[in-house]
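Chains as they are written, first to last, in this note's numbering: chain R, 1 to 398; chain W, 1 to 289; chain S, 1 to 665.
None of these hints come from the bench; they were simulated from the model.
As the structure is a prediction and not an experimental result, all values here were calculated from the model.
A portion of the hints provided could be inaccurate.
[Said to hold, decoys possible] With a straight-line cut-off of 20 Å between C-alpha atoms, the simulated EDC-like cross-links for lysine to aspartate or glutamate are:
1) Lys261(R) <-> Asp3(W)
2) Lys94(S) <-> Glu134(R)
3) Lys261(R) <-> Asp127(W)
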Amino acid sequence: MRRTHSRLLTSAAVAASLALAFTGCSTSNFGGDDGGGGDAAEEGPVKIGAVLDITGVGANLGVPEQDTLNMLAEQLNEEGGIDGREVELIIKDNQSTEDGAAKATTQLIENDDVDLIIGASRTGPSLAMRPLVEAAQLPTISIAANAAIVEGSEWVFKTAQNDVVVIERILDDAESKGYTKVALARDATGFGEGIAEIITELGAERGIELTATESFEPSATDFTAQMTNLRSADADAVIIWGITPSAGLAQAAYVQIGVGKPVYQSHGVANAAFFEAAGDAAEGVIAPMGRLLVADQLQEDDPQKEVIDQFIADYTEAYDTAPSSFAGHAYDAWQIAVAAIQEAGTDPGELRDAIEATSDFVGISGVFTMTPENHSGLEADALILAIAEGGRWNLYEE
Amino acid sequence: MTDFLQLTAAGLSQGSVYALLAVGLIATYTVRHVVNIAQGDYAMLAGLGSISLVSAGVPLPVAILIALVTVTLASVLIERLVIARVKDLTTLVSIILTLGVSTLLQAIMLLVWGAEARRLPAFPGEDLLIGGVSIRSQELWMLGTLVVVGGGILLFYEKTRWGKALRASAEQPVAARIVGISPAAASVIAFAIAGFAGAAAGVVSSPIYLSIWSGGLLLGLKGFVAAVLGGLVSFRAAIVGALLLGMLESYVAGYVASGWKDAVAFFILIIVLIIRPAGLVLRPNAVRV
Amino acid sequence: MTLLEKTPGAVRSKTGFWPNNRSTIIGVAILAVIVIIVPFTATSSMMNIAVFSMIFALPAIGLSLLMGLAGQVSLGQAAFFAIGAYTHAILLQKFEVPGILAAVCGVLAAMLAALLVGLPMLRLRGHYLALATLGLGFIVMIAVREWEFTGRTTGIYGFGRPEVFGIPIDNNGLFFWFVAPFVIVGLVLALNLTRSRAGRALSAVNDSELAAESLGVNTYALRVKVFTLSAGFAGLGGVFYAYQVQIVSPQVAEFHVSVELLLMVVIGGLGSVWGAIAGAFIVELLSEGLRDLIPAIIPGATGEVQLIGYGIVLILVILLLPGGLYQAVRTVWAAIRRRSASRRVAAAAKVPDGTADAGTGDAPTRAFGGVPGEPAGPPAVADDEPIPSVPAISTPLAAGETILEVRGLTKRYGGVVAVDDVSFTVPAGRIMGLIGPNGAGKTTCFNMITGAIPPTSGTVSFLGEEVQGRKPHVGAVRGLTRTFQNLQVFTSTDVVGNVYMGRYRKGRAGIIRGMLGLQGREQYRNEEIAHDILDAMRLGDVAGLAAGDLPFGRQRMMEVCRALASEPALLLLDEPMAGLSGRERDMLANLLRALRDAGLTIVLVEHDVAQVLSLADSVAVLDDGVLIAHGDPESVRNDPAVIVAYLGTDAEEAKHELEELEEHA
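With the rest of the complex left out, here is chain R:
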């Protein structure tokens, strides 16, 4: 009997707490007007969603990206928005997880009814978002690198330089120095997947052989085993492919263990955080990246110089620190999106076509020309080689 009553009361308590929790007026929990980002009204604010790696292993990327988007949205609204429509920016943190990216995307599509999504910061979460935005037919611009994000996709674009062109730049430099063997330590997540295969393929054309491949988690702090294996790989040079801080820590471990061979890194280390993680070990590392970090060393007639200088000035004024390449990727994604919305409005199909028609857009990471086949829009000339010297990146004279 006693148990009976208490169970009754338990049930009642559950019910009461539920009732309390769910009072509030209903917005549609059944998918809004159409169950997707769909044909949002051509009136009212323009809603742009962003899914970024603000916390977790990708925080070095996601935080400056978030800052950039906030700054640009504010600027745009001060100028009166897009065709008089206010722009509402909704940023979600995916905690650097694929899971989180998928959840955030679903929320942006279902609850917030956004017109376009920017993100994610890294390859893995971007890949996780892809089927969702495709099913919802929502234009999306990723700011991560791996070409797999946009390959064959109708709705997804990206603004970071393709891994293939980055590797081409590295291998070209290696070839010019007469290296014939390289070894690779790559990020174990989506960013590093397929890199070994590309190096093998592109290296063959240049007489360069990949002698060893190691991988590391972006959360790793101990790299002794990987670096030991690289040391015995008997290579002329080593490629470390990752993002900060892990790529910087790997760099430090590499130097500590005394391998002594030159190191190439990827565009994943194009920020100041790399120097914090690698310390003195960073000295002499060569990495392909956009022009942003060496803006002060660019030729006066460089077509990107004006855009880059303006961005650096705005960003530094707003946040008291210089922007990273990743901030630049976010800038490019934002500007391409805004230009396309100005052109085509927020009808998803038309907006998509407008992004795909982007041509000769001068951005931070390069000059973009999208086509139905090329949703990345950057060529090899978007990259320069930079060398780490005295705690910063300098233009590297090949």
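Got chain R sorted already, so can you dock chains W and S onto it with the hints?
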């Protein structure tokens, strides 16, 4: 061969961290029958704390000393405020409680120091290169710390009256009382030892393995695996087990795949528990748990 | 291993799948109504929380059964959640299997994995098991992260949403309705299980594993089954998670998922199925709320800031409210009841004549089952009339045939020999007494015969089968039942619940029948028998009281009832007379004689030598682990070795015993 020696060296230094944590775990387990899930968090707490002190301009040795004392006191505080307040400390309760403590410590570290991994400056010393094997001076510091702190705790337990009483209190609370240690005091001493050993592991490993709010759990669990190799009673066997575990992890990372490194400990744990729950202890009938 | 403090309460049998007691029906109905209404009223962010609460309620129910019912701590529930999710996602995405089939496979895969790891792991105890499950969680997480087939770090994605009758479940509202029926059915199954034969056995195991095993409960097998079942719930949760999130990546197997599940169970109250559902909602709300709140209080806080709440709640609940929400609700409810009852008393007291007594004396006592401090008035065992009816017993052998044979039984602890080469036989239908001074090895002998401890050497044959070194339930299911010198009472249930457990070996229903509620008739019959035995033994008046609240002597009688309820062939009584009043002793002696006459074999360890000599057909005497005499009472009484044994160890006691012997002679 060079690779093998290199991996062995790395494994030994990593193993010395596990060993210190295992010593702490056994200290609390023998007295209170608590497997302290927060043991690894002591290490991270000490690491992060000393990093802050150093960056505030405190000299390294002083910073380390302060961190050691603070974390030792924190461990005692946890014992007094949380563990000691439970009358009937069953397995279920002790696991949930220390899990709660661990989660709380992690959250505090996250809020205070942020999400990024940080590094304490390396201790003074020159890195060595012996026959192609690179040995960082910090790794020698780590092994040295194990010898001094682990050996000191061992001596305390085996040579001093209090230490012996503490051991005895694991089996016979009455016996301990005869020597003049109340169960409460025994518990406090055990937690102090655990806090100190964990903190020592944390500061000495920070220059190589870094300190991060979330890093303690896995580290503590590996310490637990080492402790299980010692049957949860023998300090010596646990230290040997910890060094073996460190080496095995290093070999797996080097020769198999670095991603599987963290799984090694748990395979060992499950296999050992099923095949030989007494661990590496040679005479397993001493205390059965 | 003991559980968290649990208020004893009667668990009654039930039959049929759907709940048939008023409160559960009301509870389920309210839940169903909420489920229907919520999508229309909740804000979109609340809806999001509601959906994930429903998904996580499933593994939480499973964990609650495992921890509350089977008393096993698992820190790796996320592993099975992940296995279910991955299996489902891989089948959908790589093999394009129909959704229902993929979901079933997901659940089965989780259960299979649990069975495989549970078989070796559930032999582990306490901390070892908890940390082994934690290790398992890490292994699963690393395995899916490193394996090409599971999509490495990125995981499995791109498998689309489910469809029901052609309607795509592509929004939170529909998804909520999609999950909720499974949660409600899961809830009912779990509730049924807690009241089933298996569920009550598990709860008995938590009170006293030894006693439960001695009544025929195969603890290990039951635990493996519940572990597997719990993984099935987790796997189902994983299936829905995969559908909702649309990607399965290694994060689902991470430790913090296991911690969240554990937190749900702890908040809700261990073993409370309703609590698990409430806990799931609370944890999801807490998580979402803290993510907003903490950064507002502490600027710059990012990441998993909700952990601070988790840590504090875990510690505080365990320290202040170990029974969780369930206990809190009970306590509040009991307080309300008590107040209204006392008001009724006060009102009744105003009535001048004594008519109110009927309303206040007995009724509240019964309503509260076993509120401490409310033992019923002293039992009225006034007369010495013999036991009116003898409970049923088994008589597999004719009187005089050997039912138990002990050969060379020896137990050594290190260098100490507790029992040394003891041999004797017990003929069926007789009472044998086993006596000896303190520390002679009587109880050790008992423990080896029943399987509680393995002998160092020697054999024990019961009904011609060797049972030494096997678990107590092996002998118990064949009809070998015992009582304990140190009482082993099932404190989480009432007196009749204890005696009902004696019927365990006569029942057949397993976990599946229990969950489906297809065992009611069997249970009702066994409960009736338990009542009959209690009535026969004059314990009928306290049948509804919490077992732990009985006075010592009556607890002992209750244990005898419990043993008799199993219709034993051989009954081993370990000092049954200790703590009994003279009257109770006589009653028990009469009962034992009656049982013997009905054909039951009894072995009796007793301090009260006089009682033994007057009761037993044969007597064995142990001294210092050695059998020094064995024969009919008369010859043992005059055996000089026996007299010396008693004199030699404790002159005072021996003298006393001798005097008593004289008296009897």
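*Ascending list of hint numbers which this structure does not respect*: none
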